[in-house]
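J.: Dock chain B against the given chain A, drawing on the hints supplied.
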Amino acid sequence: MMPAKPRLVRVLDRTAASATITIDGDVVQAFAGESVLVAVLAHTTRLRTHEVDGAPRAGFCLMGACQDCWVWLADGHRIRACTTRVVDGMAVLTGPPAGPADA
Amino acid sequence: MHSTVIVGAGPAGMAAAVVLARAGEHPIIVDEAEQPGGQVWRKPAAPLQPALARILGRAAAAEHEQAHAEFASIAASVDHRPRHLAWNLQGGELFVIEHRRIRPLRYGALLLATGATDRLLPVPGWTLPGVFSLGGAQTLLKDQGALIGRRVVFAGASPLLYLAALQYKAMGATVVAVLDTTALPEKLRATPALAAAAPRVLARGLSYMARLRAGGVAIFHGVTALGIEGQDYAERVRFRCSRGAEHDLAVDAVALGFGLRAETQLLDLAGVPLAFDVDFRQWLPIVDGDGRAAPGLYAAGDGCTIGGAAAAAISGRLAAYAILADRGVAVPATEVAMLRARLARLRAFQRALSRAFAWPAHWLADARDDTVLCRCENVTVGVVRAAVAAPLGPREVNRAKALTRCGMGRCQARFCGLATAELMAHALAAPVATMGRHRSQAPVKPIPLDATLVDEDTP
Chain A
1 MMPAKPRLVR VLDRTAASAT ITIDGDVVQA FAGESVLVAV LAHTTRLRTH EVDGAPRAGF
61 CLMGACQDCW VWLADGHRIR ACTTRVVDGM AVLTGPPAGP ADA
Chain B
1 MHSTVIVGAG PAGMAAAVVL ARAGEHPIIV DEAEQPGGQV WRKPAAPLQP ALARILGRAA
61 AAEHEQAHAE FASIAASVDH RPRHLAWNLQ GGELFVIEHR RIRPLRYGAL LLATGATDRL
121 LPVPGWTLPG VFSLGGAQTL LKDQGALIGR RVVFAGASPL LYLAALQYKA MGATVVAVLD
181 TTALPEKLRA TPALAAAAPR VLARGLSYMA RLRAGGVAIF HGVTALGIEG QDYAERVRFR
241 CSRGAEHDLA VDAVALGFGL RAETQLLDLA GVPLAFDVDF RQWLPIVDGD GRAAPGLYAA
301 GDGCTIGGAA AAAISGRLAA YAILADRGVA VPATEVAMLR ARLARLRAFQ RALSRAFAWP
361 AHWLADARDD TVLCRCENVT VGVVRAAVAA PLGPREVNRA KALTRCGMGR CQARFCGLAT
421 AELMAHALAA PVATMGRHRS QAPVKPIPLD ATLVDEDTP
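Residue numbers (this note's numbering), protein chains in the order written: chain A, 1 to 103; chain B, 1 to 459.
Bound-form chain A, shown alone (with noise of 0.2 Å):
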């Protein structure tokens, strides 16, 4: 299935410090700097499905209050999109990376 077409937008040049990432595997262009939500939202239209019912989620507040936007770095360790900055190489998961039980 094609994704469906992000809808956050860049309107700023930032291409000084671009940064390659990967998002559930694809490798995406992102800017250094940029906030882990910011190059996620501009990639695809969702940052996790909720725990609860499954529903897709894209964060809410964008400044750190409403812990929404927690997502996976493939080392495991959680971190909040829309306060952790970008960093060439990154490895961000919209889900939890498979545990050693479910390897």
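Derived by calculation from the structure, the hints in this document are not laboratory data.
All figures in this text were calculated on a predicted structure; none of them were measured in a lab.
The list that follows gives simulated cross-link-like pairs (lysine to any residue, SDA-like), each with its CA atoms no further than 20 Å apart:
id, chain 1, residue 1, chain 2, residue 2
1, A, Lys5, B, Asp232
2, B, Lys445, A, His77
3, B, Lys169, A, Asp13
4, B, Lys445, A, Arg85
5, B, Lys445, A, Trp70
6, A, Lys5, B, Gln231
7, B, Lys169, A, Arg10
8, B, Lys445, A, Thr83
9, B, Lys169, B, Ala61
10, B, Lys169, A, Val9
11, B, Lys169, A, Leu12
12, B, Lys445, A, Glu51
13, A, Lys5, B, Arg150
14, A, Lys5, B, Thr127
15, A, Lys5, B, Ala250
16, A, Lys5, B, Gly230
17, A, Lys5, B, Thr174
18, B, Lys169, A, Val11
19, A, Lys5, B, Glu229
20, B, Lys445, A, Gly64
21, A, Lys5, B, Arg236
22, A, Lys5, B, Gly172
23, A, Lys5, B, Glu235
T.: Positioned in the frame of chain A, the structure of chain B alone reads:
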């Protein structure tokens, strides 16, 4: 022992740091963000700074730049610690975490300038991707140079709806409409009080509306029955206008905000009493006019009482003078008196605004049962109503939380707490203040389990 620790580098914290540094002190200022400025004066990342005037408009950009220039001028005297979350306050120590390292900070005086978030009211569809808080939509633009969408509706009850809509329009978004849930007559009734308190601020606000209209943006007052629909993201906004007609707008994003809600968790943990404010319809700490909350503990800015950026900066300066005066340092009496008078005017303005842009708490009386109330735990309006209606049902929000999980999630009821109290008050036909408020708990925001405690002086 550090003499003064400030939590929050927004308008209040920055202004307080300037006063303290100029008095020869070396305050520590801890702040969660990468850049100082808080939400309202958020300093954009370097590549975005040239566009600041375009985003904010010239007048606001000038205020923004002046505040940052003042803060930069004292950089050598201030220990500014960005990316530091203050998550607990206990036994005279402030616990701060930075990248999985927890540090206790002892202080002689502690100034809490923790700011505010948007206040939210649950509407159908508000958990859909594409729906964001109004303040967040502005922060995203200032901090990240990004828009929440291309076709945006700004909805809620706040003067900031108009400012944010203008900012988005200036940056190329299509502003589909501004949906103001407050009626025009309510705003007209508040105009004399607004004009008396701060005529220039009022004039600026009215100019936002006029510029939007001149730019062809539809503005609806007295909007009701607001709801957002879409399969996997926000696609349509439905509402009823003040003439009773139903409307349906195609969008790809919605900014939603109903005024501000103070971040009072650390004050609560410190044992500072909070009282229900009938205008702002929320619980605010009891402090004196200069921000004294308890011996050695001070509060300023929107985390103390809702006032806006200018009032926050003044209250930060007053709190800093209170800290100095309480140490026996002479403070400039004329300046303090002038600051108190200006703060009183700005706060009176904000109080009048809270009436002009009252949040429609009565919507909770007939909110749909299937509307999500608690975003974190996905608890609906109907679940809380049913709990309240049951025999021996909860009569207070913490009990409702224990029974339904509403307010138990990671945001600690920041975005559902006030609405839950209003919902319960309607269901029980009781005054909202008697529904109580969610008790604050450490950590006030999530911290990782693998964090390690290090000594205060470890670099």
